[in-house]
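**Student:** First to last, the protein sequences are chains A and B.
Per this note's numbering, residue 1387 is the first one in the first sequence, and the count goes up by one each step.
Per this note's numbering, residue -6 is the first one in the second sequence, and the count goes up by one each step.
Hints may contain errors.
Okay, derived cross-link-like pairs now, DSS-like style, lysine-lysine, Cα gap no bigger than 27 Å in a straight line [said to hold, decoys possible]:
#, chain 1, residue 1, chain 2, residue 2
1, A, Lys1390, A, Lys1703
2, B, Lys319, B, Lys269
3, B, Lys73, A, Lys1702
4, B, Lys73, A, Lys1703
5, A, Lys1703, A, Lys1648
6, A, Lys1703, B, Lys226
7, B, Lys226, A, Lys1702
8, A, Lys1390, A, Lys1648
9, B, Lys319, B, Lys(-1)
The hints are simulated quantities; they were obtained by calculation from the structure and are not laboratory data.
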Amino acid sequence: MDRKWYPLPITLMGILLSFVVAMMFGTNTYTLQQVLGVIFTLDMTDQAHQILYEIRMPRVLGALLAGFMISISGLVLQSVTHNDLSEPSILGINAGANLAIIVGALLLPTLPFIGVMGVGFAGGMLVGLVILSLTRYRSPMHLILAGAGISLLLYAVTDFLVITFGLGQYVAFFTAGGAAGQSMSNIVLVFPIALVLVAVLLFLSKELDVLLFGDEMAVSLGQNQTLYRRVTLVLAIMLASMAVAMVGNVVFLGLLVPHIVKMLFGNMHRFTIIYTGMLGAMIFALSDMFARVFNETPVNAIIAVIGLPFFIYIIKKRGRKYA
Amino acid sequence: MRNRMKFIIIIVMLIAIVLTHLLTGTFSLAPGDLLALLTNQAGEDVELVLFEFRMPRIIVTLVCGAALALSGLILQVISKNPLADPGIIGVNAGSGFGVVLFIMFISGSMSQHLYALPLMSFIGGLATVLIIFFLSFMGGTFKSNIFILIGIATAMGVTGFVYVFTSMFDETQMEMLNRYFAGNIWGDTWPFVYISVPYILIVAAFVFFRIREMGMLNLDDEMLIGFGMNVNKEKIILIILSAMLSSLAVSVCGAISFIGLIAPHISRLLFGQDMKVLFFSSLLIGGVLLTGADLLGKLVLAPTIIPTGIVVALIGGPYFLRLLLKARQI
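My request is simple: use the sequences and hints to build the entire structure.
**Tutor:** And the structure:
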C-alpha cells in the first residue's frame, strides 16, 4: 500500500462534507437534520424535503460531477500536451462545444439532453483536434495563442448566430456557466459515462506517466506514443465537452485543481487522476454554493476570480520556461 | 516607386469604401446627391443623413481602425511575436469591465451620459494593460512571452468576472453589455469625432517620434543594451502608448479584435520591414479594414446590421489560423 493512498479517506470525507454543506446553504438555508432527512427518510409531503430533493440535490450532484470531469480533463490535457497551462477552455474546446450546442439548438430545438451532449462533444472534439494538429504540440506559447485566437473566432460566430436568431436567453446560461437547472435524469445519464471514461484513464495511467517523460524517453521505452496520446486526448475532450453541456463554459478550474494536486502528490497519474477529480468536485460544488449565497452569481465568475491570480502565479513561478 | 503604387492602391480602396458607405444604408442616396452636396444644392434630408449619421460614423471607424492597427504593431514589436493583438491580450475585456461598472453605478440611458461610458471603458482598458504589463517583469526585465500569457489569462478571467455583475442586470442593461462585446460602433456622432481624432493623432505622433527605437527593438535585447539603449524604458513608453490607442478605440467602437493582428501583418507582407513605412501602412490598412468590415456588416444581411466586431472576427479568425499554420517558431 502506497503512502500516497492514505489521504484518500480524507478526500472521500471531504466530498461527503461538501455535499452536505452545499445542500444546506443557498438562497434558503436548511438545517443538517433536513438534509440528512432527505437522504435517509425522504418524505415528499414535507415542503423543505421536496425543494431539497427536486431542486437542490440535482444541482449539487451536477456541480460535483462537472467539477470532477473538468479537472480530470485539465490534468490529462496538461500531460498530453506537455504544457502546464493547458486546460479545456484555453485550448478552445469549450468554445467549440459551445458553438456546436448553439447550432444544435438552432437546427433541432427539441434536442434531448443526450443529443446536446453529443453535439457538444463533436464540436469540442473538432476544435481540439484542429488546434492540436495545427500546432503539432510545438510550443506551449503557440498552443495557447492558437486556443485564444480560435476561441475569439468561435465566440464571434456564436454571437452572430445568437444576435440574428434571438437566442439570448438560451446562451446567457452557457456563457455564464452554472449548475442551476440540472435534472436527476441528466446526472444519471452522465455519471456512468464519466465513470467509465475516468476508469479507462486510470487504466492508462502508466502510459500517461510515460508521456510525461517526453518524446524521446517514451519512444525508447517502446511506447506507441501516437496511439496513447490520441486515446487519452479523446477521453479528456469527451469529459470536457460533457461538462460544457451540463454547466456551460467554466474557465480556469481545469488548470487550478491539477496544479494544486501535483504540488501535493507529485506526478504519478494513478494518484493525481483520483485526487484531481475529488478536489475538483469539491471546489466546484462549494463555489456553486457561494454562487447561490451571493445572489445567484454565475459560478464561472467565482472560479475566474479564484483562478486568475493562481494562473498568474503559475506563470510567474514556472515562467522561465516560457520567457 | 513600387511602394508608392501600393499606397495609391490602398488609398483608392479606402475612397471606394468610404463612398459606398456614404451612399448605402436604410436611406439610399444616388451619386448625384453627393455632387449636389458639394455644390450646395442638396435637399435637407440628404444633408441630414450624410452629416449627422454617415460622416461621423465613417470618421470614427476610420481612426479607430488605424489606432487598433498601430496598437497591434507596437505590441508585436515589443513582444517579438507576430500574433499579438490588443483584443487577445485583454484590452477588450478590461474595457468591458469598465462598461459593466458604468452600467452598475451610473446606469440610466446612454444619451444622458454620453461621455462617461467611453471614459470608464477607456480607463478599464488602460488599467488592465498596465497591470498586465507590470506583472510581466521577471527579475527586473520585461518578458514578452509572459506578457502575452498573462494577457490571455486576464482576458479570460476578467470576462468571467464581468458575469459576477451581470447576474444583477435587467434586460436592457444586459443588452447594452452584449452590444459592447459584439463590437457595435456606438460612438458614431460628431462629439466622438472631436475627441477621438485629435487624441489618436497626438498619440500616433508620439509613436512616430519613437519610430527609430521601435525599429531597433526587433533586435535582441542584450544587443540593444550593449548599444546603450535603455530597453525597459523604451518598452514601457511604447506599451503605454499602445494601451492608450487601443483602449480609446474599443471604448468608442466596442470590443473589436484581430484588426491589430491583421493590419500590421498585411503591411509587413506588402512593404517589408522598414518601420517608418510600416507605421503609415498599418494605419491606413487598419482604417480600410475596419471601415470595410463596417460596410460589410451593413450590406450583407441588409436591413439587419451585423455588429462590426463580429464581421471583423469572422474575417480575422481564419486569417489568424493561416498565420498560425505558417508561423514556424514562436
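**Student:** What are the numbers of the hints the structure violates, in ascending order?
**Tutor:** Of the numbered hints given earlier, the structure breaks none, since each of them holds.
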